[in-house]
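**Student:** If you want the building blocks of each chain, they are given just below.
There are 2 protein chains.
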Amino acid sequence: MPNPTAAMLVIGDEILSGRTRDANMYHLAGKLTEAGIDLKEVRVVSDDHAAIVAAVNALRGAYGTVFTSGGIGPTHDDITADAVADAFGVGIDVREDARAVMEAHYRRQGTEMNAARLRMARIPDGAALIDNPVSAAPGFSLRNVHVMAGVPAIFEAMVESVLPTLTGGAPVLSRTVRVERAEGDVAGPLGAFVRAHPELSFGSYPFNRDGVYGVNIVVRGQDAAALDAVADALVAELGGVAA
Amino acid sequence: MPNPTAAMLVIGDEILSGRTRDANMYHLAGKLTEAGIDLKEVRVVSDDHAAIVAAVNALRGAYGTVFTSGGIGPTHDDITADAVADAFGVGIDVREDARAVMEAHYRRQGTEMNAARLRMARIPDGAALIDNPVSAAPGFSLRNVHVMAGVPAIFEAMVESVLPTLTGGAPVLSRTVRVERAEGDVAGPLGAFVRAHPELSFGSYPFNRDGVYGVNIVVRGQDAAALDAVADALVAELGGVAA
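As they're listed, the protein sequences go chains A and B.
If you read the first sequence in UniProt numbering, its first letter stands for residue 1, the second for the next number, and so on.
If you read the second sequence in UniProt numbering, its first letter stands for residue 1, the second for the next number, and so on.
These aren't lab readings, by the way, just hints derived from the structure by calculation.
No false leads were slipped in.
Examples of chain A residues toward chain B, derived with CB under 10 Å: (1) 19; (2) 26; (3) 76; (4) 77; (5) 191.
SDA-like mimics (lysine to any residue), calculated; alpha carbons at most 25 Å apart, straight line: (6) A:31 to B:18; (7) A:31 to B:51; (8) B:31 to A:19; (9) B:31 to A:208; (10) A:31 to A:60; (11) A:31 to B:207; (12) A:31 to B:48; (13) A:31 to B:26; (14) A:31 to B:208; (15) B:31 to A:18; (16) B:31 to B:167; (17) A:31 to A:164; (18) B:31 to A:20; (19) A:31 to A:144; (20) B:31 to A:46; (21) A:31 to A:21; (22) A:31 to B:21; (23) B:31 to A:23; (24) A:31 to B:46; (25) A:31 to B:19; (26) A:31 to B:20; (27) A:31 to A:62; (28) B:31 to B:153; (29) B:31 to A:48; (30) B:31 to A:207; (31) B:31 to A:26; (32) B:31 to A:51; (33) A:31 to B:23; (34) B:31 to A:21; (35) B:31 to B:64.
According to the in silico footprint, chain B covers these stretches of chain A (three or more CB under 8 Å from chain B): (36) 31-45; (37) 68-75; (38) 104-116; (39) 174-187; (40) 199-213.
Beta carbons are placed, not taken as given, at the ideal position from N, Cα and C, and that holds for glycine.
In isolation and in its complexed conformation, chain A is listed as follows (with noise of 0.2 Å):
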């Protein structure tokens, strides 16, 4: 049985104008291939309210899961809740447990509840909670979409929470053999690798570092006595190293 899919929706003109290096990205897709769940796209789109919507519609309907990440913070540039709820189609407004639990957080830091933060408890008609453990303002999950906070820290510990709820496939294991040899070398013997185990995937991933060339065969399967099997006659046939 194929594993369960998942897409990602980045959303922030921070990461598209190449003022901040995205990160979520490279964590969630690392947490996902853990879980068995299969990544298959990820968009990054700006701050703009048609534009997250057409991309949280699309993605839905064509992945099991979609985690967004990014534009739920107090300022007029977050507008990530209001769009999501819009491409279902549902009301939003403050939800009274949203602001209980960050007021309670405020309370204990001595900071206001203000205007700009009680933006942070609107929420999606329908919505789950998903907890804040570093700032208390929640993100949400509606039907098949997790809405979770760009900052790292607090996207990664929200991640933690979303990941236990999903049912995984089987983790798919992976064995790297490292070649030094130049790729176009090492493809021929490779592509004869592939035909023969059509139930493993197999990816090539060149590398030029201090003065080494080579590349990094990367194989990926459920099956970890085929997978070593396979390494194993890849270090045999073409004089590489298990990596």
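Assemble the complex: chain A is given as a structure, and chain B must be docked to it using the hints.
**Tutor:** Chain B only, in chain A's frame:
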């Protein structure tokens, strides 16, 4: 006049599996901002023919220029050139000028031109080659789609070749004001600036580093004097410092 628009398509299972952290998106985003071209959307898809064709067609229709990264090497999982040819409905075959450039490079290196390497000389009909000063195998431009390697050093060199051929807009300038206050306290007064300056764009990016928390406010626009005036006013009003 609004700036020209662009999109990027990153192709590769290694990004979606979390094996590799993409670097090309961040690089291209910065270069396009300098050139006055607005990067509006990025998509990441796997090494899947149908997924690449669909993304190329969606992006080339919606934006002025499309850059792709990855999938033009010699191995079985390098399928970008064929997918781009299919997206445009044109043929693809070995191109003699691409083959000649590669053979000259391999001759200098004492490397053989084998069947796997020859695949890298397959170029869609009507495309112009993009020079690869690192390892010879070229990228190509087909109308508004620029197809480049995923290896960062080669990707970056190809971006340098392509950018001067594009019509840019006025470069987007920015000023950053760092305020060591909670984003929720800054959001209200910042909103007044946003409403007062519709010609500028304001971003608000919270940070929490080494126990110091606050927010970087980034103001973007094309008029340096207007940006300076707003940045000075933000410093005065919010108690920040120019960063």
